[in-house]
Structures are given as C-alpha cells and as structure tokens.
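There are 2 protein chains.
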Amino acid sequence: MAPMAPRKQYRGGVAVLTPRATDFPRWYQDVLAKAELAENGPVRGTMVIRPYGYAIWERMQADVDARIKAAGAVNAYFPLFIPESYLRREAEHIEGFSPELAVVTIGGGKELEEPVVVRPTSETIIGEYLAKWTQSYRDLPLLLNQWANVVRWELRPRLFLRSSEFLWQEGHTAHVDEADAAAYARRIALEVYRDFLTDVLAIPVFIGVKTRRERFAGATNTMTCEGMMGDGKALQMATSHELGQNFAHAFDIDFVGADGAQHLAWTTSWGSSTRMVGGLIMAHGDDNGLRIPPRLAPTQVVVLPVRDDETVVAKAREIGAALTDAGLRVQVDARPGLSFGRRVTDAEIKGIPVRVEVGPRDLAAGNVTLVRRDTSVKTPVPLAEAAGRVPALLDEVQAGLLAEALTLRESRTADVTTVADAAQAAQTGFARIPWRLVGEEGEALLAEEALTVRCLQTPDGEIPAAGVDPDDLVCLIARSY
Amino acid sequence: MAPMAPRKQYRGGVAVLTPRATDFPRWYQDVLAKAELAENGPVRGTMVIRPYGYAIWERMQADVDARIKAAGAVNAYFPLFIPESYLRREAEHIEGFSPELAVVTIGGGKELEEPVVVRPTSETIIGEYLAKWTQSYRDLPLLLNQWANVVRWELRPRLFLRSSEFLWQEGHTAHVDEADAAAYARRIALEVYRDFLTDVLAIPVFIGVKTRRERFAGATNTMTCEGMMGDGKALQMATSHELGQNFAHAFDIDFVGADGAQHLAWTTSWGSSTRMVGGLIMAHGDDNGLRIPPRLAPTQVVVLPVRDDETVVAKAREIGAALTDAGLRVQVDARPGLSFGRRVTDAEIKGIPVRVEVGPRDLAAGNVTLVRRDTSVKTPVPLAEAAGRVPALLDEVQAGLLAEALTLRESRTADVTTVADAAQAAQTGFARIPWRLVGEEGEALLAEEALTVRCLQTPDGEIPAAGVDPDDLVCLIARSY
Numbered sequence: 000m001a002p003m004a005p006r007k008q009y010r011g012g013v014a015v016l017t018p019r020a021t022d023f024p025r026w027y028q029d030v031l032a033k034a035e036l037a038e039n040g041p042v043r044g045t046m047v048i049r050p051y052g053y054a055i056w057e058r059m060q061a062d063v064d065a066r067i068k069a070a071g072a073v074n075a076y077f078p079l080f081i082p083e084s085y086l087r088r089e090a091e092h093i094e095g096f097s098p099e100l101a102v103v104t105i106g107g108g109k110e111l112e113e114p115v116v117v118r119p120t121s122e123t124i125i126g127e128y129l130a131k132w133t134q135s136y137r138d139l140p141l142l143l144n145q146w147a148n149v150v151r152w153e154l155r156p157r158l159f160l161r162s163s164e165f166l167w168q169e170g171h172t173a174h175v176d177e178a179d180a181a182a183y184a185r186r187i188a189l190e191v192y193r194d195f196l197t198d199v200l201a202i203p204v205f206i207g208v209k210t211r212r213e214r215f216a217g218a219t220n221t222m223t224c225e226g227m228m229g230d231g232k233a234l235q236m237a238t239s240h241e242l243g244q245n246f247a248h249a250f251d252i253d254f255v256g257a258d259g260a261q262h263l264a265w266t267t268s269w270g271s272s273t274r275m276v277g278g279l280i281m282a283h284g285d286d287n288g289l290r291i292p293p294r295l296a297p298t299q300v301v302v303l304p305v306r307d308d309e310t311v312v313a314k315a316r317e318i319g320a321a322l323t324d325a326g327l328r329v330q331v332d333a334r335p336g337l338s339f340g341r342r343v344t345d346a347e348i349k350g351i352p353v354r355v356e357v358g359p360r361d362l363a364a365g366n367v368t369l370v371r372r373d374t375s376v377k378t379p380v381p382l383a384e385a386a387g388r389v390p391a392l393l394d395e396v397q398a399g400l401l402a403e404a405l406t407l408r409e410s411r412t413a414d415v416t417t418v419a420d421a422a423q424a425a426q427t428g429f430a431r432i433p434w435r436l437v438g439e440e441g442e443a444l445l446a447e448e449a450l451t452v453r454c455l456q457t458p459d460g461e462i463p464a465a466g467v468d469p470d471d472l473v474c475l476i477a478r479s480y
Numbered sequence: 000m001a002p003m004a005p006r007k008q009y010r011g012g013v014a015v016l017t018p019r020a021t022d023f024p025r026w027y028q029d030v031l032a033k034a035e036l037a038e039n040g041p042v043r044g045t046m047v048i049r050p051y052g053y054a055i056w057e058r059m060q061a062d063v064d065a066r067i068k069a070a071g072a073v074n075a076y077f078p079l080f081i082p083e084s085y086l087r088r089e090a091e092h093i094e095g096f097s098p099e100l101a102v103v104t105i106g107g108g109k110e111l112e113e114p115v116v117v118r119p120t121s122e123t124i125i126g127e128y129l130a131k132w133t134q135s136y137r138d139l140p141l142l143l144n145q146w147a148n149v150v151r152w153e154l155r156p157r158l159f160l161r162s163s164e165f166l167w168q169e170g171h172t173a174h175v176d177e178a179d180a181a182a183y184a185r186r187i188a189l190e191v192y193r194d195f196l197t198d199v200l201a202i203p204v205f206i207g208v209k210t211r212r213e214r215f216a217g218a219t220n221t222m223t224c225e226g227m228m229g230d231g232k233a234l235q236m237a238t239s240h241e242l243g244q245n246f247a248h249a250f251d252i253d254f255v256g257a258d259g260a261q262h263l264a265w266t267t268s269w270g271s272s273t274r275m276v277g278g279l280i281m282a283h284g285d286d287n288g289l290r291i292p293p294r295l296a297p298t299q300v301v302v303l304p305v306r307d308d309e310t311v312v313a314k315a316r317e318i319g320a321a322l323t324d325a326g327l328r329v330q331v332d333a334r335p336g337l338s339f340g341r342r343v344t345d346a347e348i349k350g351i352p353v354r355v356e357v358g359p360r361d362l363a364a365g366n367v368t369l370v371r372r373d374t375s376v377k378t379p380v381p382l383a384e385a386a387g388r389v390p391a392l393l394d395e396v397q398a399g400l401l402a403e404a405l406t407l408r409e410s411r412t413a414d415v416t417t418v419a420d421a422a423q424a425a426q427t428g429f430a431r432i433p434w435r436l437v438g439e440e441g442e443a444l445l446a447e448e449a450l451t452v453r454c455l456q457t458p459d460g461e462i463p464a465a466g467v468d469p470d471d472l473v474c475l476i477a478r479s480y
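Here the protein sequences line up with chains A and B, keeping their order. Residue 69 in numbering that gives the first Met the number 0 sits at position 70 of the first sequence, and the numbers go up by one each step. Residue 220 in numbering that gives the first Met the number 0 sits at position 221 of the second sequence, and the numbers go up by one each step.
Pulled out of the complex, with its shape left as it was, chain A reads as follows (with noise of 0.2 Å):
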C-alpha cells in the first residue's frame, strides 16, 4: 500500500496549511493567506502586499540598499512613462519585451498622439540620461539605482513570483571600458546579491552567467543567483547584465576619453525584486508556515504569556522590554482573547524565529521557555538568563536555515553525463552536467519538457571569466518558477 499522503494540519481544531508534499503550489497559496503576506489585486496579475509582507519587503530593500551604496551607486529616480519609440531603439530589447507591454493611449481625457508604455524595466529611458549626463571620461563610471515598480503583463501571474506589476531596484550604470563595466556587474552579482541572499536570507544560491538563450532582452552577458525552492525547482533570484556598447549605441551615451577622443560607453543593468519574498517563503517554509531567518525577520522573538494572568503578562512583558533593550525587534502577544494555541500557531506561520513562552508553572520553577522556530527544539532556560541567551540562539537559527537549505540542495543536486539522465534529475532538483554534453541542441530539447539551463559556471561553481571556453564550463539545470 502506497504511503498516505499527510492531510492538512490541525491545530486547536483550526485547519491551517495544506502540507507541501501535498500540493506544493496550494501550500504556498495557503501560507500568503494564513501569514496575510499578500493577495490578488483586482486587475488580473496585479497584487496587494499586506502589512507583513511589506515589512519583510522593506527589511530586504534596506539591506540590499546598504549594499548598493557601499558598492558606490546612488539612488535616482526616472519616469514610470517611456515613449514607446524609446523601446524600439534596441532590437533585442523591443523583441524581448513587446509581448508583455502595458500601454497607456488616453491621458487627461485625450488620446495621446504618441502612445506611452508602462515601464517593464527602464535600460531606454535612463539610457537617455545617462547619455547626457556622460560628457567626459571623468563623469564615469556613472552609477545609479533606482527602487520603483515596473509592468510586464503576465499571463500565469502568481503572487510574489510573477506579477504585472512588481517593486524592484534596478541598477544602471555607464563605464569607459568593457573591462571595468564587466567587473562592476560582477561585484553587484556577487557582493550584493549573492551576499545578501547567502547571509540575510539563508538561500544558498548557484551562481553563473545565462546560456544566449536565457539571456536579458539586449545583454551580452547575464550573471544570475539562483536559489533551490523546498519543492527542487528552481527560483532566479537576482540578475546582472553586461549590456555591452547595445544600449550606449542606441541612446548615443558617449564620451570624450583621456586620450580626447570620442568613445561610446559600456553599460549594465541589474535586478532584485518583490521576487524575494516568494524565495524566501519556498526555500524556507515548512508545513506550519514561514521560516523567516533572524537577521531579516521583522519580528525576531515573540514573547508569548501562556496565561491571560495578570502576573504572567507582566512578567512576559518585562521580558519583551528586556529584550527590545538588547537591540532586537521583539513582539508581546498577549491578545485578550486567543488562546495559547492560537497565539503559537500564529507566531509559527508568521515564521518569527524564537518564541519565549513564559508559563505559570515555569515561572513558578524560576523558568522561562525558549522555543526554536526551526526545529521546533524547546529549552528551559531561568528567567534572570532568557534575555542573555536569546541573541546566540537567533545566530543559531541563521545559520541553522542556511544548513538544512544548503542540505537540501546538495541532496538534490545530482552529477550526470547525459541529458536524458539530466531531465531525470531535474525532475527533482538540480542536474550537473559538463555544458559540452549539452550544447544549444541538448537546451533546446530540454525545454520541450519544460527544463531549463539555470546558469553555467566553472567546475569550482564560480562565475566564469570572460573568454573562457564555455567547453570548461558546468551547466545545472532544473524546472523553475
């Protein structure tokens, strides 16, 4: 007899999630709503992103936004309108993007004698700029980002994942020479992106450069993370493109050189969206909710009172101050009128990584209890301490979620020498492959069965250099979002 599959969780009689070796896309359905993270919006695509779901949005735009700085780029901010003529500038890019191109035809009551797109990423009309803002070798490397929403009409929208409308920051830059816009897009793939991904967020991600048929619209090199879900597929969690002379060719971004000489510019463009969210719910979440890692989650510790007792709370509450005191972001839940149960189950769907539960019994032996969100693990600990101890236990949490992820991928990650074995393993995670015995023919037949080459890196799982023969190189290759 085949095993059972699990059937949803129950927990003080409430239904809760649909478990994940269930159905992996409803589970997912369920923790958007149970953790009211987001919801579909009214027009098809579009999406409303709930208070918690924004709080865990803006703690990643802040980190990533710090990274940003400190690889030297500043914040800017360009039109959400571009006229679609601008689009028509970059053969690749119009191509790329056509299909999925919101268009406004009727501002202030008239039709408008040039339609206007909505912007699905804004290479054209900061490539206008740049080009006037670039006069002289000494204006560059000209460095600017920009956090803004962008459109690109789905027709399989899925909540954080693929959505018309998203939130992203969108880096673009301008150089004097390949060599230097080469080296900047890598720094972004790998000190911010890859960097944030590994240390805030706990996803260990493969990085590499796309295949041409994966590429951006108009890139001639694009750099990608990309992390393993709970279900082995795969989710591209950020990108970084060379644009190589395409767009400074089609906006005239040009300069005069050191040498007094008229030079076209190299730029680059790269990505991280409410994407993010999505990564971080698959790649973390188990069957009783969120897993959100300490160092992002916008609560870290919950402090929950198991009795509506007045000495209880108070006590729970001192707690709570003392550990606001020690810099963390704390939450009491004492909500009259929830149980317990109610109160746990929440905290666990939310994901909030440590729960101090303070109980009338423990408190009476002097005690308090810790509670791992991860592994569920519980430790008494005395009251004097609780404060003390919390901060290590979150540190290992962190790194707790990087381990299993880390586990989990290296369990799904399979050594092969054909591409059938290759189709075989991507059914589950990732297949490894010398790119030689794939080749555009072998990526082209993967793809009837709906697989894709994620990336191709160095045997070493490095980004390759350029001009390195893509014959030395790796491929992996897997379903994805």
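These are calculated hints, taken from the structure and not from any lab test. None of the hints are false.
Where chains are identical, the list cannot tell them apart; a pair therefore holds if satisfied intra-copy or between any two copies.
Result set (SDA-like, lysine to any residue): computed pairs, CA atoms no more than 25 Å apart in a straight line:
id : residue 1 : residue 2
1  : Lys68     : Ala147
2  : Lys33     : Tyr136
3  : Lys68     : Arg342
4  : Lys33     : Leu141
5  : Lys68     : Glu57
6  : Lys131    : Ala54
7  : Lys68     : Trp167
8  : Lys68     : Gln145
9  : Lys131    : Pro41
10 : Lys131    : Ala181
11 : Lys109    : Glu94
12 : Lys232    : Gly438
13 : Lys68     : Asn148
14 : Lys377    : Thr406
15 : Lys33     : Asn74
16 : Lys109    : Gly95
17 : Lys109    : Glu83
18 : Lys377    : Pro359
19 : Lys68     : Ala54
20 : Lys377    : Asp307
21 : Lys33     : Gln134
22 : Lys131    : Asp176
23 : Lys68     : Ala321
24 : Lys68     : Arg58
25 : Lys68     : Pro297
26 : Lys131    : Glu57
The hints should help you fit chain B onto chain A, whose structure is shown.
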C-alpha cells in the same frame, strides 16, 4: 530712476543663478538645474529626479515614515492599476479626478476588456480591501500607509510642484466612529506633517481646514499645512482628510460593532509628496542656491581644502573623519582640477549648511574657518576645536532658517477687513481676514483673480474643532502654487 534689477550672479567667471527678485520662476528652474535636482522626463509633465534631489527626498521619506509608524500606521502596497469602475463608485471623487487620468487600454498586446486607470490616488482600491479586512470592531482602527508613485495628467506641469507623475505617501485608515476618524486625521496633520515641516524642514506652516470649494474630492473635511514661499505665494505642503462614510458606503466598509449590529466605518486619507522638495527649495533658497536645514541635509558639512596641497588636503580629510566620527553627514570636497571658488559655489548651490574651509595661512595660525550657509558668517576657530564646534553651529543654522522663514511670513501676512484689501495684500503674501467677511461669494470673486482661500483657522491659528461656527474663524488668502 527705478532701481536696476539685480543681474545674474557671477562666480569665478561662471554665471550662476537668475536672482530671485528678477524672475522667481526662472531662479527656481536655475536651482533645479545647477544643484542637479531634477529635469523634465521625455513624456510631458514627467520628472527625472537626479541623485541629489533623490537624496533629499529619501531623507524626507525616512523621517516622515518614522513619524507615521509612531502614529501606529503600518506600510503596505496596493496596485498601480485600478479598474475604471472603482473610481465611479464615489461621485465627487470621479468628478474631481476624471480630467487628470492616464488610462491603460492595451495590455500584453491586446485591447483590455475594461480599461484600467493608473492610480491618481488610492482611496478606491484601498477601500475595496479595507472592506475585506474589516469584519469586527476589534479590527479597527485599521491604519495603513503606502509609499508609491501616482499619476495626474497635468496641463501646466512644474518640476516637483506639479508633475504628471509624483512620489508620495498616502495613508488610509478606517475607524469605528466619526470622532475617532477625526481625531486620527488631526493627529496626522499635526504630529506627522506640521511637526515634520516645522522641526525638520524649518518651514513654518499655517494649519487649518479647506473651504468646501478647495476640499479633496470625496472628503467631508480637509486639513492642510500651508507654507509661504520666498515670493510670498502659498504652497500646500500636506493634507489630511476626513472622508466621512463616503468611501465606506461606496465600498461596503462595514463591521460588526460591540453591540452586535452592523455599522459602516468612517475613513480618512492623508498625503505628502515630492512637492515638499519644491517647497524646501522655494522656502529657503537664496540667490546663491539652496539652503537645506541641517536636520534634513544629505550632507551637513563639507570640508574644503583651499589649495590642492598635500598637507592641506590631508588635514581636511582628518577633520572630515573627526566630523564623521561625531555622527555627522560629511563630505570632503578635494576634487582635483576644480578651483576653491568653484567648489565653494557648488557647496552653496547645493545648500550644504556648514563649510569648513582649510587653508594654508589659517593652518599656519592653527585655525580653520567655519562658514554658515544661511548667513555667510565666517568664524575662524582653532583646528582642535573645529569638529567639536560644528554640531552647535548646525543647530544654529536649523533655528536660523526657521526664524528667517517666520520673519518673512510675518512681514508678508496682513490682517485686513475687506475682500478688496485681501486681494491687494495677497499680491505679495497672505491676507488674514474673518471668514464671515469673505464667505463663498467672496471666495468666488477672489478666484477670478487667481487667489484662493488657503485655509480656515481659529483666531489663534489652530485647526477648528468639529462644529465650530465658521463665522468665528479667520481665513488666509494667497496666490498659490
């Protein structure tokens, strides 16, 4: 003979800004360009916010966001696209906004069945979700805010002041009764907007309520903060609206009360935008450029070596490091190839509150020179004291700018007793006059001369409480942006 209008200022042979007295609007454009704040976008009325302009906005955002959170509201994000039908549900709302709408009619290459509007404001779409999330009186008050871009097609666009797309925050809240809604809208007007404008932007504001004619489309009461610009014109800096039950009715925002019966909620909305950047420029700018209050300034202190000399530059960097260590936002401007004069002019145009000038002669005497941007007063101080003296000097600049703006406002606000005198006084500033001497008829007459009642307030300058007899109020009349 009439006095000659001052001409363009020259610094080191470079024409800088049109003097304000010659042509205020032209001066404003010059500041935008020379301080590298913003430029026109390619689509009429849109705006490119350059890095320095955006850094100013980012600091406004951070401060206003903290105040909004302190007032208990949480951030969320709602879609850019609103079904056209939503706007029609509130009659005054659609009437007010329909001439300004941008409409998307094509999505993903196809004509849309129902056109979607690019949000001009979000009462309608947020109303739809407030209705879903408001079940019981226990869910109230529901206090939301979002940071977003909005689009209002403008016939006479002006950068920052009136652009077709602008950035803002818009708060939307639902309450159990009218009194709670009114108290919250008032709290936002005072504790978020007035306090921010006064304490951070150093712009004194007249507070009060709008007349029926000037109210937000769909509101029952609009509170406003009105600043006076350098040319005596008014700028509406931020508004907070009571929406009564208008939107609750249109979107079914109802809840089960403590009495077990169904009730309609009372809602509010409130906003402040990139328009505040325009207000900052026009309230404090002088003929040499911006003057940014130190609490807001992206760079509070610039350290300028007078000569491109190794010892001098090293000393400047040392002072810069000490100021940074003291927690200040500091820049050392030792750009090679730019004369000291050019760097001073640049710091003045950008409105950096304090300069530390480090010259070889001063250094020989053991001194550096501190220069206030607001008064141009120069003070030589011993090198060892420089870093320690700057924080107090920044406080003086902050207070000085507020005092100067208050003095201007007082000198240009006239108490009058006839509509004719009000019209006269409003040519150069504000006219204050009992509302009973104006009335809606007087207001209509003034409108013919492009003069508006900016707000109604109590005789001692407060926002009138609900139910106060309008005949007991005074009003402020001005030209406005």
